[in-house]
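Novice: What follows is the residue order along each chain.
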Amino acid sequence: MKDGIAVFVKYDCPTCLMVVPVLEKIQKTVEMKVFVQDYPEKFPSLMVDDDRELADSYDYNIEIVPTIVRIENGAEIERSVGWERSSWERISQTKALGNALPSIRPGCGSLSVEVGIAERLAIKSGEVKFSSRKITLGSLEDDIELCFEKSWTDGLPVVPPTEERVYRMLKGTGRKGDEILGMMPPNNIACTVEKVAVNAVLAGCKAEYFPVVLGAVEAVLEPAFCLHGLIATTWFSGPMVIVNGKIRKTIGMNWKGNVLGQGNRANATIGRALQLTVRNVGGGKPREVDQSTFGSPLKFGFCFAEDESTPWTTLAEDRGFNRDKSTVTLFSADGPIGCVDQNSRDPDSLIKSIAGSLKIVNHVGLANASDAVVVIGPEHGRVFDEAGWTKEQAVEALHQATKMSEVSDLKMTTLAAKLDDSKARQSKSMINKFRKNGLTLIRAGGDAGLFSAIIPGWLMKGETGTEPITKEI
Amino acid sequence: MQSLLDPTGEIEPVIRSPIAKPDTLEGKTLGLLDISKAKGDIFLDRLEELFSDRGVKVRRYKKPTFAKPAPLKLIQEITKEVDIVVEGLAD
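From first to last, the protein sequence lines stand for chains F and H. Taking our numbering, the leading residue of the first sequence gets 1, the next gets one more, and so forth. Taking our numbering, the leading residue of the second sequence gets 1, the next gets one more, and so forth.
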């Protein structure tokens with residue numbers, strides 16, 4: 001429109017209906033377009049434009065109906081929202097408008113800003129562009145089944161990644177969609193923020209989780225994490241995501257009861273988004289490059305938050321970040337092993353107990369294989385806290401208590417032979433079960449239960465395998 | 001009509017046909033690559049014996065760890081120095 005008045009209305013708005021006589025009067029003398037957002041046929045006394053597609057409302061950035069806009073030489077001069085007699089008289093340059101009406105009355109929300117519509121309009125207008133290719137469905141094709149057929153899923157249904165959903169996901173970050181986070185193994189494909197967003201949609205994430213997903217993806221792409229090997233290994237492991245800091249509360253994560261289990265959307269979908277990104281962008285699929293003999297249920301996605309309400313330092317602090325920062329820390333991880341001790345009331349006794357359970361990970365006769373994360377539950381944690389034990393003390397005590405005899409008899413080359421107690425007793429030297437920094441203690445879990453959870457990881461670690469990685473969100 | 005965005009790396013499957021097998025081993029250099037998996041060396045030692053008996057020149061290579069892709073330098077060395085490679089892949 002070059003010159004004149006534009007008015008935006010909808011039938012489902014009492015104020016819009018109230019001003020119909022006013023619009024009739026203006027339209028007699030002034031060049032005016034009336035854009036109707038819902039039912040154009042309900043305004044028979046007016047010349048109206050059909051804006052059910054909401055394209056004009058979007059172009060004019062309409063938030064409230066009625067809105068009256070004055071345009072001169074294609075540029076907006078003035079607008080007024082709702083009904084206000086003096087503004088309408090000035091903008092339309094028409095006197096004595098709606099004398100029977102109240103002088104002012106607020107309007108209603110514009111359909112163009114309703115949930116979901118704004119996204120659709122932004123995409124339709126070409127304002128938002130994606131570089132991922134579009135796959136168009138037949139009119140009767142089931143979108144969720146198509147995702148299965150395309151092999152985009154982990155075996156469970158996924159949320160179909162429509163442009164609107166991906167656009168909403170990208171709004172969860174200030175980062176540009178075409179930013180490359182790194183090369184995703186095993187196929188070494190450039191992994192963009194947009195590709196991660198598509199996979200976060202598949203996984204069922206909310207946009208507010210997206211920064212955590214991006215942090216997790218960046219962490220696994222660090223060469224020291226050795227994702228390629230972790231995907232390919234015959235061992236059980238997959239990536240485990242532990243979240244620290246304020247973001248845990250902001251997005252409603254779980255660090256209490258059933259912390260390692262199902263039921264919390266953020267915990268469940270962030271871990272899944274990471275695994276789907278690995279699968280779809282990098283091509284790391286089970287029984288292809290992923291050669292795991294058994295796999296593990298946690299390979300659907302494994303993510304949880306730490307309980308930071310204890311006297312111990314947090315995982316993020318231990319890894320050099322301030323408490324006011326939010327972080328993700330990535331480990332390789334197998335399924336958790338439960339450790340029950342309902343009798344120990346002092347730290348020494350409890351350490352002995354947990355150490356006994358730690359000695360069996362990977363194989364009871366094997367030292368210096370995987371690292372392990374021990375999740376100390378609240379009731380076990382209380383035993384340490386009441387005695388004033390720091391985390392450092394507990395870690396050191398666990399290293400001491402997990403030492404095992406080194407069997408130097410060269411004939412005992414098999415692990416089974418190392419289990420021979422009489423030979424082990426003859427051994428004088430002791431070795432560490434876990435490498436230095438190979439034991440990580442964190443706090444989480446439900447209030448009841450004198451338990452802790454041991455989470456071992458990939459047998460290959462350090463220089464020749466994986467290292468834990470922390471990223472600030 | 002509904003459309004979805006492709007979540008994949010969008011690589012078309014590249015169909016690669018194996019290179020032609022050598023007609024003869026005469027005058028060729030053979031590389032034996034140990035990926036550092038258990039007992040790979042025993043297997044490759046025996047192969048070295050068998051090939052050497054037949055007068056084939058053999059060179060040995062070793063990856064620092066089976067868990068990571070071979071370092072670029074090692075790949076370049078092998079490409080430069082030998083005509084054929086045999087790799088000990090598993091335990």
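Hints listed in this document are in silico derivations from the structure and should not be mistaken for laboratory results. For clarity, every value in this text was computed on a predicted model and none was experimentally measured. Treat each hint with caution, since some may be false.
[What the hints assert, rightly or not] Derived coverage of chain F by chain H (criterion: at least 3 residues anywhere in the stretch with Cβ under 8 Å from a Cβ of chain H; other residues may be distant): (1) 93–104; (2) 132–140; (3) 157–164; (4) 228–241.
Glycine is no exception: its CB is placed at the ideal position from the N, C-alpha and C atoms.
Novice: If a hint holds in the structure, say so; if it doesn't, say that too.
Specialist: Okay, the hints, checked on the actual structure:
no.: 1; hint: 93–104; in the structure: violated (count 0)
no.: 2; hint: 132–140; in the structure: holds (count 7)
no.: 3; hint: 157–164; in the structure: holds (count 4)
no.: 4; hint: 228–241; in the structure: holds (count 3)
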